[in-house]
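Fit chain G to the supplied structure of chain Y, relying on the hints for placement.
Listed below, chain by chain, are the residues.
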Amino acid sequence: MSALLLAQDAAATVTTGEAIAFWILGPLALAGGLGMIFARNAVHSALFLVLTMLSLGVIYLVQQAPFLGFVQIIVYTGAIMMLFLFVLMLVGRDSSDSVVEVLRGQRLWAGVLGVGLAVLIVGAVARSLTDVRPVGLSGDEANGGRGNVANIGDKIFTDYLFPFELTSALLITAAIGAMVLGYVDRHQRGKKTQKETVEARFRGEHDRPSPLPGPGVFATSNSVATPALLPDGSVAPESLSRLIEATAAEKLDSEREAVAGALPGPDARALAPGKEDLP
Amino acid sequence: MTRAELLADDPLWLILIKAVALLALGALATMAMIILERKIVARMQHRPGPNRVGPNGWFQSLADAIKLPFKEQIIPDTADRKVYFLAPIMATIPAFLAFSVIPFGPEVSIFGERTVLQLVDLPVGVLVVLACSSMGVYGIVLAGWSSGSPYPLLGGLRSAAQVISYEIAMGLSIVAVILYAGSLSTGDIVAAQASGWYFYLLFPSFAIFFVSMIGETNRAPFDLPEAESELVGGFHTEYSSMKFALFFLAEYVNMVIVSAMATTLFLGGYMAPWPISLINDNYFNSGWWPLLWFFGKTWVFLFVFIWLRGTLPRMRYDQFMRLGWKVLVPANLVWIVLVVALRAFRSEGEISAGTILISGGIVLVVLIGLSFLLPDRAAPAEDENQVPVTGGGYPVPPLDLTIPSKTPAKPARTRRKREPAAVGSTSAKESKK
Numbered sequence: 001m002s003a004l005l006l007a008q009d010a011a012a013t014v015t016t017g018e019a020i021a022f023w024i025l026g027p028l029a030l031a032g033g034l035g036m037i038f039a040r041n042a043v044h045s046a047l048f049l050v051l052t053m054l055s056l057g058v059i060y061l062v063q064q065a066p067f068l069g070f071v072q073i074i075v076y077t078g079a080i081m082m083l084f085l086f087v088l089m090l091v092g093r094d095s096s097d098s099v100v101e102v103l104r105g106q107r108l109w110a111g112v113l114g115v116g117l118a119v120l121i122v123g124a125v126a127r128s129l130t131d132v133r134p135v136g137l138s139g140d141e142a143n144g145g146r147g148n149v150a151n152i153g154d155k156i157f158t159d160y161l162f163p164f165e166l167t168s169a170l171l172i173t174a175a176i177g178a179m180v181l182g183y184v185d186r187h188q189r190g191k192k193t194q195k196e197t198v199e200a201r202f203r204g205e206h207d208r209p210s211p212l213p214g215p216g217v218f219a220t221s222n223s224v225a226t227p228a229l230l231p232d233g234s235v236a237p238e239s240l241s242r243l244i245e246a247t248a249a250e251k252l253d254s255e256r257e258a259v260a261g262a263l264p265g266p267d268a269r270a271l272a273p274g275k276e277d278l279p
Numbered sequence: 001m002t003r004a005e006l007l008a009d010d011p012l013w014l015i016l017i018k019a020v021a022l023l024a025l026g027a028l029a030t031m032a033m034i035i036l037e038r039k040i041v042a043r044m045q046h047r048p049g050p051n052r053v054g055p056n057g058w059f060q061s062l063a064d065a066i067k068l069p070f071k072e073q074i075i076p077d078t079a080d081r082k083v084y085f086l087a088p089i090m091a092t093i094p095a096f097l098a099f100s101v102i103p104f105g106p107e108v109s110i111f112g113e114r115t116v117l118q119l120v121d122l123p124v125g126v127l128v129v130l131a132c133s134s135m136g137v138y139g140i141v142l143a144g145w146s147s148g149s150p151y152p153l154l155g156g157l158r159s160a161a162q163v164i165s166y167e168i169a170m171g172l173s174i175v176a177v178i179l180y181a182g183s184l185s186t187g188d189i190v191a192a193q194a195s196g197w198y199f200y201l202l203f204p205s206f207a208i209f210f211v212s213m214i215g216e217t218n219r220a221p222f223d224l225p226e227a228e229s230e231l232v233g234g235f236h237t238e239y240s241s242m243k244f245a246l247f248f249l250a251e252y253v254n255m256v257i258v259s260a261m262a263t264t265l266f267l268g269g270y271m272a273p274w275p276i277s278l279i280n281d282n283y284f285n286s287g288w289w290p291l292l293w294f295f296g297k298t299w300v301f302l303f304v305f306i307w308l309r310g311t312l313p314r315m316r317y318d319q320f321m322r323l324g325w326k327v328l329v330p331a332n333l334v335w336i337v338l339v340v341a342l343r344a345f346r347s348e349g350e351i352s353a354g355t356i357l358i359s360g361g362i363v364l365v366v367l368i369g370l371s372f373l374l375p376d377r378a379a380p381a382e383d384e385n386q387v388p389v390t391g392g393g394y395p396v397p398p399l400d401l402t403i404p405s406k407t408p409a410k411p412a413r414t415r416r417k418r419e420p421a422a423v424g425s426t427s428a429k430e431s432k433k
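As they're listed, the protein sequences go chains Y and G.
As numbered in full-length UniProt numbering, residues 1 to 279 make up the first sequence, in order.
As numbered in full-length UniProt numbering, residues 1 to 433 make up the second sequence, in order.
Chain Y on its own, in the form it takes in the complex (with noise of 0.2 Å):
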């Protein structure tokens, strides 16, 4: 009994390399939530909570819990907050706060609230501070002798196997019912086939039959700001992307008019006919 504890008052101290580690993850941790609600772009709060789970992670690896310390950094910052960042960049790189708000007097409540749970946090702190006795959790031998990943894997599936059922129960809910949600308008007459799509192209249900023409591939370039040309020299108007910035689209007004003939004869003095109109 007595080597027992001895034990546990070594595993108590805290060695220097945990010291160092708890340092400097500790106000990198801080510092990622910190950043989190005082960034102003979007995608940058998102990368500043990474940094914060990131620490968390590595902060469970000293602490001898390897297991949940990756599947923290596996689940959380690469699946969760990969999702996060997906629908930000989905939304537009440029979004920012809106600042109207939508829930009346919600600032109150998030203080009222927010300071409960940080009494919550920090009575269990200080109760582990004191009260609990550190069981050690390094070694094989540790936490009933198979070692940390064995347990976790025996505990999960025995003693919580239920509690751990309904958790991935209710994800799997949550998840369909999401996609049940957002799909079944969109996909409720299924897809077209495509020849059942060039049927329909050709009876004008679409704008054209066929689809936009490419840009032009010339010797001189192969650009897709290039426009291509009709068997007449003139510019292929639908040829031109109006989304690439690039294009400019209109910038080839005067040039096209002045391929189909449209602009007006030359000055008496002029070398080249009509060429001083271009821009």
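One thing to keep in mind: the hints can contain errors.
Stated by the list, open to error - The calculated BS3-like cross-link candidates involving lysine-lysine, where the alpha carbons are at most 27 Å apart (straight line), are:
(1) Y:Lys-195 with G:Lys-326
(2) G:Lys-39 with G:Lys-71
(3) G:Lys-39 with Y:Lys-191
(4) G:Lys-82 with G:Lys-71
(5) G:Lys-326 with Y:Lys-192
(6) G:Lys-82 with G:Lys-67
(7) G:Lys-67 with G:Lys-39
To be verified - Examples of chain Y residues lying across from chain G (beta carbon under 10 Å, computed):
(8) Val-43
(9) Ser-45
(10) Leu-47
(11) Val-50
(12) Val-62
(13) Pro-66
(14) Phe-67
(15) Ile-74
(16) Met-81
(17) Met-82
(18) Tyr-160
(19) Phe-162
Derived from the structure by calculation, the hints contain no laboratory data.
Computed from a predicted model, the values in this text were never measured in an experiment.
All C-beta atoms, glycine included, are put in the ideal place defined by N, C-alpha and C.
Showing chain G alone in chain Y's frame:
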């Protein structure tokens, strides 16, 4: 002593040597891989490939590696500077980090110190590789976002969706290996394959792991995030110089990592292959010899990477996602249930392998019989006013095609008619008005 204990009492200088060796290994493997890839693909396409620098062009990637960091660095105006700098670092560091848990060999002696050819043997080694690959995606996604132009953003989004989906398939294919080996540590998994390698014991897992490892590293035929014909360069379109070199490095190091992981999980890691393992009571499985087997197996995978790139066309994005979510993941889940059921039956002890096979066969026959009972899919009803799209193998215009009413432009000849010189007369100008 177990591997973990051997590694735990490594002196600091040995850990440093190993870390530096792993760093060098990543860089060297990248350079070797680039020149080999160019040479092999060139041979597959009947052209010489790089043949200028050094003997037969074998120093080409050395020259490129020296040249690339010294090129001019161009940062787009619209880039988000901080994230733009961060992205290549986020892509490269996790790639190298994953090397630390790969077991390259058994117990050896380095300068009189007994140790194992591995940097660290964590009890969750396999998860380290998964965590590193999931962190590496951040580099790609952030590169796409921070460049501030549409093609990289599309590449970044594709990459995020791709790596997340294929990481699920990859993680599930490791589950069967973990069940058989009874451990998450890479060293233990190799040791557990002493009686039989998992690539034939757990073939479905191996096949799924192989497909998803190609998807995970963004390589052809799954290289959608950097599809040249669709997205210019994908996520690294706006990158140049050293930052681009870092992305290059990360991609190839990731390939080496997944190949090494496939070797470790399914091909017996550093263990000698079968006919050699019989020689002299498995002498070639001790000392420094296993390093040779390990790299041999890894390079087989890397060659297959190149081979696939030279052979297969790129998949379409929706086909690719369908393959991941509707084929690989469900097949994997069914396979895991089968493995678990088999192991549960075996541990019962009363049921023999023959019984399992016979009952499995009966179930299979019943399923096949039931599938015959299913009604065939009804042919779609013929539409009355269906427009014939093709006939006799040639496209014909539809019967109800209306000619566009837009008047055609005047022919160029008549428009560009040369006008008589207007000296002394106003008739030309008059006629224009």
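Consistency of the hints with the structure:
1. About 24 Å separates the Cα atoms of Lys-195 (chain Y) and Lys-326 (chain G), which keeps this hinted pair within 27 Å; it holds.
2. Proposed proximity of Lys-39 (chain G) and Lys-71 (chain G) is supported: the alpha carbons are some 24 Å apart, at most 27 Å.
3. Taken as a hint, the Lys-39 (chain G) and Lys-191 (chain Y) pair is broken in the structure, with Cα atoms around 44 Å apart against an allowance of 27 Å.
4. Distance restraint check for Lys-82 (chain G) and Lys-71 (chain G): the Cα-Cα separation of roughly 21 Å lies within the 27 Å cut-off, and the hinted pair is therefore satisfied.
5. For the given pair, Lys-326 (chain G) sits about 20 Å from Lys-192 (chain Y) by alpha-carbon distance, which is consistent with the 27 Å threshold.
6. The straight-line distance between the Cα atoms of Lys-82 (chain G) and Lys-67 (chain G) is roughly 25 Å, inside the 27 Å bound, and the hint therefore holds.
7. Proximity of Lys-67 (chain G) to Lys-39 (chain G) is assessed by CA-CA distance (about 20 Å); at most 27 Å being required, the pair is judged to hold.
8. For Val-43 (chain Y), the interface hint holds, the least distance from its beta-carbon to any beta-carbon of chain G being 6 Å, beneath 10 Å.
9. At about 12 Å, the closest approach between the beta carbon of Ser-45 (chain Y) and any beta carbon in chain G exceeds 10 Å, and the interface hint on this residue is violated.
10. Satisfaction of the interface hint for Leu-47 (chain Y) is found here, the shortest Cβ-Cβ separation to chain G being roughly 7 Å, below the 10 Å cut-off.
11. Here the hint on Val-50 (chain Y) is kept, as its CB sits about 7 Å from the closest CB of chain G, short of 10 Å.
12. With 10 Å as the threshold, the beta carbon of Val-62 (chain Y) stays out of range of chain G, its nearest partner Cβ sitting at about 13 Å, so the hint is violated.
13. Interface restraint check for Pro-66 (chain Y): the shortest CB-CB distance to chain G comes to about 5 Å, inside 10 Å, so the restraint holds.
14. The interface hint given for Phe-67 (chain Y) holds, since its Cβ lies 5 Å from the closest Cβ of chain G, which is under the 10 Å cut-off.
15. Annotation: Ile-74 (chain Y) was flagged as interfacial toward chain G, and the flag holds, the nearest CB pair being 5 Å apart, inside 10 Å.
16. Interface restraint check for Met-81 (chain Y): the shortest CB-CB distance to chain G comes to about 8 Å, inside 10 Å, so the restraint holds.
17. Annotation: interface hint on Met-82 (chain Y) holds; nearest CB of chain G at approximately 6 Å, less than 10 Å.
18. The interface hint given for Tyr-160 (chain Y) is broken, as the beta carbon of that residue sits about 19 Å from the closest beta carbon of chain G, more than 10 Å.
19. Given hint, Phe-162 (chain Y) at the interface with chain G, is violated; its Cβ is 19 Å from that chain's nearest Cβ, farther than 10 Å.
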